[in-house]
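In order, the protein sequence lines correspond to chains E and B. Each residue of the first sequence is one higher than the last, beginning at 1 in our numbering. Each residue of the second sequence is one higher than the last, beginning at 1 in our numbering.
Rather than coming from a laboratory, the hints here were simulated on the basis of the structure. Take the hints with a grain of salt, since some may be wrong.
Treat identical chains as interchangeable: a pair holds within one or across any two.
In silico SDA-like links for lysine to any residue, alpha-carbon gap of 25 angstroms or less [what the hints assert, rightly or not]:
no. : residue 1 : residue 2
1   : K51       : G21
2   : K81       : E33
3   : K51       : E18
4   : K75       : S104
5   : K56       : D91
6   : K56       : A100
7   : K81       : S55
8   : K51       : H24
9   : K51       : L19
10  : K8        : G53
11  : K56       : D15
12  : K8        : L102
13  : K81       : G40
14  : K8        : I50
15  : K8        : D99
16  : K81       : G96
17  : K51       : E13
18  : K56       : G96
19  : K56       : A92
20  : K8        : R73
21  : K75       : A44
22  : K56       : D99
23  : K56       : D89
All of these numbers come straight from a predicted model, not from anything done at the bench.
If you want the building blocks of each chain, they are given just below.
Protein chains: 2
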Amino acid sequence: MGIDHTTKLHHPERDEIELPGVLHALSDPQRLEIVRRLAGSDEACACGSIKLGLSKSTMTHHFRVLRESGVIRQKREGTSKLTQLRREDLDARFPGLLDAVLSSEAVPA
Amino acid sequence: MGIDHTTKLHHPERDEIELPGVLHALSDPQRLEIVRRLAGSDEACACGSIKLGLSKSTMTHHFRVLRESGVIRQKREGTSKLTQLRREDLDARFPGLLDAVLSSEAVPA
DNA sequence: TCAAAAGTACGATCATCGTCGTACAATCGA
DNA sequence: TCGATTGTACGACGATGATCGTACTTTTGA
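Model the full assembly from the supplied sequences, consistent with the hints where possible.
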């Protein structure tokens, strides 16, 4: 029944990634900012290196939403957790979507 | 042009359309289906011609979310209300986004 | 061995969302 | 005018969401 948060990190397979879930994950301004920062640095970076002025537990929440929707991949690395965008998976499943979302930053209100 | 006193409906201007709002509007499966049907028929079509098995008031709600986020444009036409996608505005503001959303999973389970 | 660092779990709180039913308003055809 | 069609307003309700603080776990390094 649902996802076990206590054992392993759950990542959906590429073909399990659902469009509404991805759109929902990206529809939150804070998560959108996280995704933009991840897209900015090509390599995986630690959760804690992204600072948005939110509490640690709120950050955990946002990273979980992004991970479980298939937007990011996370793995442990020492005491940190490395996070990276699932660019290839997203591009394969929803061609052009991520690029459209990321490039829209260049057209600010 | 006959129809005019329809301007009570709130539509954001093109440059007022916000990405999180659009993503949120599209993140609901029912609204996604509405958008797909609108994209299927080139001309504006009446709200009531789109049947999803939801109540009238729920449909009104979904159309309002889509309209206020800038995804659709609506105008009165007799007792009906004509609805159409704001393709040009969306393409101008978020190039590639709508195409990416529409071209993926056009036939959901 | 112990303390700091990084992140998670859990419960709480308050807001938003999706859905409905009922009542109402506007328009058109007969 | 009347009734049918089409959609809205409003209130309710349960579900989900974003946020926080506190306590906890895991790992590293001194």
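Status of each hint after checking the structure:
1. K51 x G21: Cα proximity of K51 and G21: in one copy and across copies (24 angstroms, 23 angstroms).
2. K81 x E33: within (18 angstroms within a copy, 37 angstroms between copies)
3. K51 x E18: between (28 angstroms within a copy, 23 angstroms between copies)
4. K75 x S104: This pair counts as neither: shortest intra-copy Cα distance 29 angstroms, inter-copy 28 angstroms.
5. K56 x D91: So K56 and D91 fail the 25 angstroms test inside a copy (30 angstroms) and across (37 angstroms) alike.
6. K56 x A100: neither (29 angstroms within a copy, 33 angstroms between copies)
7. K81 x S55: within (16 angstroms within a copy, 45 angstroms between copies)
8. K51 x H24: Both, since 21 angstroms and 24 angstroms are each at most 25 angstroms.
9. K51 x L19: between (27 angstroms within a copy, 21 angstroms between copies)
10. K8 x G53: For K8 and G53, neither the intra-copy (27 angstroms) nor the inter-copy (39 angstroms) Cα distance is at most 25 angstroms.
11. K56 x D15: neither (31 angstroms within a copy, 34 angstroms between copies)
12. K8 x L102: Intra 29 angstroms, inter 34 angstroms, cutoff 25 angstroms: neither.
13. K81 x G40: within (18 angstroms within a copy, 44 angstroms between copies)
14. K8 x I50: within (23 angstroms within a copy, 43 angstroms between copies)
15. K8 x D99: Answer is neither: 30 angstroms inside a copy and 35 angstroms across each miss the 25 angstroms cutoff.
16. K81 x G96: This pair counts as neither: shortest intra-copy Cα distance 28 angstroms, inter-copy 32 angstroms.
17. K51 x E13: neither (28 angstroms within a copy, 32 angstroms between copies)
18. K56 x G96: The answer is neither: 32 angstroms in one copy and 34 angstroms across copies each exceed 25 angstroms.
19. K56 x A92: Classified as neither: same-chain Cα gap 32 angstroms, cross-chain 37 angstroms, threshold 25 angstroms.
20. K8 x R73: within (12 angstroms within a copy, 45 angstroms between copies)
21. K75 x A44: within (9 angstroms within a copy, 48 angstroms between copies)
22. K56 x D99: Classified as neither; 29 angstroms inside a copy, 36 angstroms across copies.
23. K56 x D89: So K56 and D89 fail the 25 angstroms test inside a copy (28 angstroms) and across (38 angstroms) alike.
The structure is inconsistent with the numbered hints 4, 5, 6, 10, 11, 12, 15, 16, 17, 18, 19, 22, 23, although it conforms to all the rest.
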